[in-house]
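Each chain, written out:
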Amino acid sequence: MDVNNFYVSCERVFNPSLEGRPIIVLSNNDGCAVARSNEVKSLGIKMGQPWFQMRDLAQQHGIIAYSSNYTLYADMSNRVMAILSQFSPNQEVYSIDECFLDLTEFQSLSLVDYGQQIRQRVKLWTGLPVCVGVGPTKTLAKLANHLAKKNPVFNSVCNLNSMNPKEQDRWLSHTAVDEVWGIGTRLAPKLTGMGIRTVLNLKNSDPVTLRSWFGVVVEKTVRELNGIICLELEDISSPKQQIMSSRSFGSYVTRREDLEEAVSSYTTRAAEKLRRQGSVAGSIYVHIRTNPHQKNEPQYGQGMTIPLPEATDDTLKLVKAATWAVRRLYKAGYDYQKASVILSELLPRDVLQQDLFSHDASNGTSTRMKLLDEVNLKMGENTLRLASNGIHQTWGMRSGNRSPAYTTRWTELPKAMAL
Amino acid sequence: MEHSPIPQKSRGGFRPGAGRKPKSGIPGEPSGVMRIPASDKAAVINLINTRRHLRMAPIPAGASRPAIDPPRVLIPQFSNRIAAGFPSPADDYIEDRLDLNQLLVKNVPATYFLDVIGNSMVGAGIFEGDKLVVDRSLEPKHGNIVVAVVDGEHTVKRLFKRAGKIELRSENPQYPPIQFKEGQELLIFGVVTNSIHPAK
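Chains as they are written, first to last, in our numbering: chain A, 1 to 419; chain B, 1 to 200.
Note that these hints are calculated values from the structure, not bench results.
Quantities reported herein were computed from a predicted structural model and do not represent experimental measurements.
Even for Gly, the Cβ is constructed at its ideal location relative to N, Cα and C.
It is possible that some hints are incorrect.
As the list claims (entries may be wrong) - Simulated coverage check for chain B against chain A, where a stretch passes if three residues somewhere in it have a Cβ under 8 angstroms from a Cβ of chain A:
no. : segment
1   : 30-43
2   : 92-104
Stated by the list, open to error - Below, computed lysine to aspartate or glutamate pairings styled on EDC-like, alpha-carbon distance capped at 16 angstroms:
no. : chain 1 : residue 1 : chain 2 : residue 2
3   : A       : Lys123    : B       : Asp135
4   : A       : Lys123    : B       : Glu128
5   : B       : Lys131    : A       : Glu257
6   : A       : Lys415    : B       : Glu182
7   : B       : Lys200    : B       : Asp130
8   : A       : Lys138    : A       : Asp113
9   : A       : Lys415    : B       : Glu185
10  : A       : Lys320    : A       : Glu257
11  : B       : Lys181    : B       : Asp151
12  : B       : Lys165    : B       : Glu185
13  : B       : Lys161    : B       : Glu182
14  : A       : Lys138    : A       : Asp258
15  : A       : Lys138    : A       : Glu92
16  : A       : Lys415    : B       : Asp151
17  : A       : Lys415    : B       : Asp91
18  : B       : Lys141    : B       : Asp115
19  : A       : Lys415    : B       : Asp130
20  : A       : Lys150    : A       : Asp113
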């Protein structure tokens, strides 16, 4: 299951005047296109195309550009996933708008009908258009989804299982090899060079030979195309092994103080995620860098890992370590563009090993952190925050045209006209 | 192919190096073979010896062994401290506080809130500034108050569906109904289940 043009579709649910008009959603800092409506796709604008390159085209065709509103997209994603979970006991949420469902137990039903039910319920309950692809393996299910999206004959639901092998191969022979899950844009030209142009070519290739050329992932892909399960459904409810908070700045940062503020803010975010999944971190990694695309400017990029004396989920302790790292990493005279913070060596909080020499008698999350999380949950994000995160945040993200947080903030609800 | 006959003597009996190594584990517990870096060998042997020692040590009466991986147990928290005096007679009757979501939101992933602008629905008790609870999963029926899409905007009206006629009607005589002709599509966002009106 995959939501069509997810970010754009979310914007349209709450602003119906956008229906039928060319819409794009831009990445963080309004850099490049991360979602396009069909109208924009047909104008030839590519995914990831920088905004400055298409400004003229946008003006000419009245393209409306939105800054990304991840608060809204995350809430809509959670709604979609909750609805989908009603259709199978085994669900893998693969990304913000994609999900695998194990339908093995429902094979006695017509899976096309079942897929239509899924599609209609998501559409009715959320307003989002989705496509459903059914297949014996994850790779084939994703391919079926692609076929459902591109070919109106399927009415948004394609079941490869219900086709006879000849029919299946006919569809596969009409699909370019780069549409296969796991075959990236780098791999596709190499395969094409070997004469593997279509998905059918790839399916009929020798997996062992391809393994020796491209590695085990491609071998698995070929087997999956032949209906042999190599990729199991993954249970994503298991906690993450690493937590990352990484972003480009709204404008270049040159001062160490600003860099510290930014890293402090990113660490705060990561620590919130850490507490939400009930883990503690054993080490923190901080990385800062200049813009590698600015070839004429001096370049610098450096990172370091700081092991923590005791695994913790305390924002203050993590920020202290992170800002210390920034002071070590910082070099004057560079235009910094991005900072990243990664928390790793994660452990569940309740098996936390206490340091023998620790003065900290608190066990688990401190009252301070619980209070912080509770206040911010009740009063809104960042109500209570560390002064080290900065007040003005001159490095903050550009988000010129962000839509309201329609579903998560009482002050930003959509309007119902009684006029 | 010919097999050379094996002398009877070499069958069975003692073979050097075979079987479980002495003191290599706990009797009755299966053991496993593991490959470890040579530099860690001493540390692992040390660890095993420590554990064996702990296992063999007599447990003092009344002491309990520390669990290596303690299971998580959720313990219900009671609101009253256990006082030396008479326990609160209310403890048995504690229930959860009332949650408004339970009353107002029947289907969480399908429920949305909207702010009302204008006064065309005052007859239905819906005023400017009220918050509407809208359930998208309900089928819009004749007489329901709905949020519909009209000219690219979300509009709150009462749905009239009778005798082949579809209208969106206001609850205020100043506003004429919006009529839908045949072939004209009426898009409905959802059915209004509640409106929240502050009393001051």
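Taking the hints in turn, this is what the structure says about them:
Only residues whose C-beta sits within less than 8 angstroms of a C-beta in chain A count toward coverage, and the segment 30-43 of chain B has 0 of them, not enough to reach three; the restraint is violated. Against chain A, the segment 92-104 of chain B contributes 0 residues with a C-beta closer than 8 angstroms to a partner C-beta. That does not satisfy the three-residue criterion, and the hint is violated. A distance of roughly 13 angstroms separates the Cα atoms of lysine 123 of chain A and aspartate 135 of chain B; the hinted pair therefore holds under the 16 angstroms criterion. Using a Cα cut-off of 16 angstroms, the hinted pair lysine 123 of chain A and glutamate 128 of chain B is violated, with the two alpha carbons roughly 29 angstroms apart.
Taking the CA atoms of lysine 131 of chain B and glutamate 257 of chain A, the gap is about 44 angstroms. The hint is violated against a cut of 16 angstroms. The suggested pairing of lysine 415 of chain A with glutamate 182 of chain B is violated, with an alpha-carbon distance near 28 angstroms, which exceeds 16 angstroms. Between lysine 200 of chain B and aspartate 130 of chain B, the direct Cα distance comes to roughly 12 angstroms. Compliance with the 16 angstroms bound is thereby established for this hinted pair. Taken as a hint, the lysine 138 of chain A and aspartate 113 of chain A pair is broken in the structure, with Cα atoms around 20 angstroms apart against an allowance of 16 angstroms.
A threshold of 16 angstroms between alpha carbons decides the hint, and for lysine 415 of chain A with glutamate 185 of chain B the separation of about 21 angstroms lies outside it, so the pair is violated. For a cut-off of 16 angstroms, the pair hint linking lysine 320 of chain A to glutamate 257 of chain A stands: about 14 angstroms separates their Cα positions. Distance restraint check for lysine 181 of chain B and aspartate 151 of chain B: the Cα-Cα separation of roughly 15 angstroms lies within the 16 angstroms cut-off, and the hinted pair is therefore satisfied. Between the alpha carbons of lysine 165 of chain B and glutamate 185 of chain B the distance comes to roughly 13 angstroms, so the proposed pair stays at or under 16 angstroms and holds.
Restraint check for lysine 161 of chain B and glutamate 182 of chain B: the C-alpha separation of about 13 angstroms stays at or below 16 angstroms, so the hint holds. The straight-line distance between the Cα atoms of lysine 138 of chain A and aspartate 258 of chain A is roughly 45 angstroms, outside the 16 angstroms bound, and the hint therefore fails. This hinted pair checks out: lysine 138 of chain A and glutamate 92 of chain A have alpha carbons roughly 11 angstroms apart, not beyond 16 angstroms. Between lysine 415 of chain A and aspartate 151 of chain B the alpha-carbon distance is near 14 angstroms, which keeps this suggested pair within the 16 angstroms criterion.
Between lysine 415 of chain A and aspartate 91 of chain B the alpha-carbon distance is near 46 angstroms, which puts this suggested pair outside the 16 angstroms criterion. Note on lysine 141 of chain B and aspartate 115 of chain B: the hinted pairing is violated, with a Cα-Cα distance of about 22 angstroms set against a maximum of 16 angstroms. Our distance criterion of 16 angstroms between C-alpha atoms is met by lysine 415 of chain A and aspartate 130 of chain B, whose separation comes to about 10 angstroms. Taking the CA atoms of lysine 150 of chain A and aspartate 113 of chain A, the gap is about 19 angstroms. The hint is violated against a cut of 16 angstroms.
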